[in-house]
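Numbers 4 to 403, taken from the working numbering, label the letters of the sequence shown in order.
Be careful, since some hints might not be right.
Label-pair distances were calculated between CB atoms; the ranges are [said to hold, decoys possible]:
no.	residue 1	residue 2	range
1	Gly284	Asn330	23 to 31 Å
2	Asp247	Val273	43 to 51 Å
3	Gly286	Arg365	24 to 32 Å
4	Arg77	Pro269	21 to 29 Å
5	Ala136	Gly366	38 to 46 Å
6	Ala234	Ala52	24 to 32 Å
For lysine-lysine, the following DSSO-like pairs were computed, each having C-alpha atoms within a straight-line distance of at most 30 Å [as the list claims (entries may be wrong)]:
no.	residue 1	residue 2
7	Lys189	Lys42
8	Lys74	Lys219
9	Lys56	Lys219
10	Lys219	Lys145
11	Lys56	Lys42
These aren't lab readings, by the way, just hints derived from the structure by calculation. For each residue, glycine too, the CB sits at the ideal point set by N, CA and C.
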Amino acid sequence: MNESSLTVTLRDREITLVGTAHVSRESIEEVSRVIRERKPDVVCVELDAGRYKSLSEQENWEQLDVVKVFKEGRGFLLMANLILSSFQRRLGADLGVKPGEEMKIAIETAGELDIPYSLCDREVQLTLRRAWARCGLWSKGKLMASLVSSAFTTEKLSEVEIENLKNRNELDGMMAELAEYLPAVKETLIDERDRYLAAKIWTCTRPASTSGTTVKQVAVIGAGHLLGIKAHLEKLAAGEEAEDVADLDTIPPQGILVKALGWLIPVLIVALIVVGFFRAGAGVSLSMLLRWVLFNGSLAALGTLIALGHPLSILVSFFGAPIATINPFIGVGLFSGITEATLRKPRVEDTQRIPEDVTSLRGIYRNRITKALLVFFLSSLGGAIGNFISIPSLASFLVK
Numbered sequence: 004m005n006e007s008s009l010t011v012t013l014r015d016r017e018i019t020l021v022g023t024a025h026v027s028r029e030s031i032e033e034v035s036r037v038i039r040e041r042k043p044d045v046v047c048v049e050l051d052a053g054r055y056k057s058l059s060e061q062e063n064w065e066q067l068d069v070v071k072v073f074k075e076g077r078g079f080l081l082m083a084n085l086i087l088s089s090f091q092r093r094l095g096a097d098l099g100v101k102p103g104e105e106m107k108i109a110i111e112t113a114g115e116l117d118i119p120y121s122l123c124d125r126e127v128q129l130t131l132r133r134a135w136a137r138c139g140l141w142s143k144g145k146l147m148a149s150l151v152s153s154a155f156t157t158e159k160l161s162e163v164e165i166e167n168l169k170n171r172n173e174l175d176g177m178m179a180e181l182a183e184y185l186p187a188v189k190e191t192l193i194d195e196r197d198r199y200l201a202a203k204i205w206t207c208t209r210p211a212s213t214s215g216t217t218v219k220q221v222a223v224i225g226a227g228h229l230l231g232i233k234a235h236l237e238k239l240a241a242g243e244e245a246e247d248v249a250d251l252d253t254i255p256p257q258g259i260l261v262k263a264l265g266w267l268i269p270v271l272i273v274a275l276i277v278v279g280f281f282r283a284g285a286g287v288s289l290s291m292l293l294r295w296v297l298f299n300g301s302l303a304a305l306g307t308l309i310a311l312g313h314p315l316s317i318l319v320s321f322f323g324a325p326i327a328t329i330n331p332f333i334g335v336g337l338f339s340g341i342t343e344a345t346l347r348k349p350r351v352e353d354t355q356r357i358p359e360d361v362t363s364l365r366g367i368y369r370n371r372i373t374k375a376l377l378v379f380f381l382s383s384l385g386g387a388i389g390n391f392i393s394i395p396s397l398a399s400f401l402v403k
C-alpha cells in the first residue's frame, strides 16, 4: 500500500483504510484496485444517504424550494453547501473528475463483486449546523469570509498538487492551519467525524464478526481522516471508547451568553435613543432614530443592489432592516431573499444549471436561485455593518 492507504488488524477484523482526495483520478483507480484485490466482506464509504443520492441521481435540484429554505432559516447553510461544492467542482473540472467520484466507484465496484456496502458518514447538513452552532461571533465571521473568498477564488491546482493533498506532511500542515484559524470548525469537520466514521466502520460488521473468522473491510475515506480514524479504531478495539456516537448526531444548544448577544445590539440601539430623548429632547431622539434607520437600511439596500436584486427587493431591504434588527429571531435577509425569489421565481433551467452556475461569478448572478441567496447574504451583511457603524454615531449625540 502507498502512504495514502493502510491496513490495521484489530481483534477479528482486518480493516484497510483508503485515503483519497475527492477530485483525484489516482484515487478513483486506487479505490477500485484495492477492493478488487482484497475482496472484502464489506465496503464502507465516507458518504451519507443525502450525498449518495446526489451523486447517484446527478444532484436533483428540481426539488429545491428556495422560499422554504429562507423561511426555515437554512439560507446560510444552503450557501455554505453550494460554495463548498462549487470549489470542489472547479478543482475537479480542470482534471475531468467529478467530486466524490471515488466514493461512487467504491459502491459500484462493491456491487459488481456482490459485496455489501455501508454509508458511514454523518448527514452533511447536520455537520454544517454543528460547525455553525459551535462557532462564536468572531469565528462565524471568519468562516463566512473564508467561504465567500473560496467562492470567488480563481486558484487552480494541478493534478500533482491534488495528489499531494494525500501526503501526510501536507495534511498535517493544513490541519494545523485550520486548527489555528478556526478551531471549532476543525474539531467539528475533522475530529468529530474521525470518531463518528470510526464508530460506523467498526459497528457495520458486528453480525459477521461473531462467526469466529477474520472479517475483512475496506473503508474509503478522505485522506485527512486517515490517521484520526485509525486512532479511534484502535481505541474501539481496546474498549477505551464507546461505540455509541448519538451525541454527535444532535445540534448543541446555544448558551445563555450567545442568546443574550443576539439582543445586545437592538437593546443598545434602543437604549441610546431613549437616553437621547431624556437628555436632549424629542428632536434629538428623532434625529438619532433617523440616522440609525439611514445607516442600517441604506447599507442593507446597498447589499441588495450589489447583488443586482429587484428594485422592490432593494426597498424591502431598506425598510425591513430596522424591523429585523429589533427582532433578532428574524433577519433582513429573510425579507429580501423571499421578495427576490417571489418576484423572480426560479425557473426549471435555474435548478438544472445550479452545479455549473455556482462555479463562476457570472453564473451566480445569472441563476435566480443563487442570486436570491446572494441578495439574502449581502443584505444581511449590509444591515449588520450598518448597525455596528450606527452605534458610535448615535453615542456621539449624547456627548455634544
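- For which of the previously enumerated hints does the structure constitute a violation, in increasing order of number? 3, 5, 7, 8 and 10
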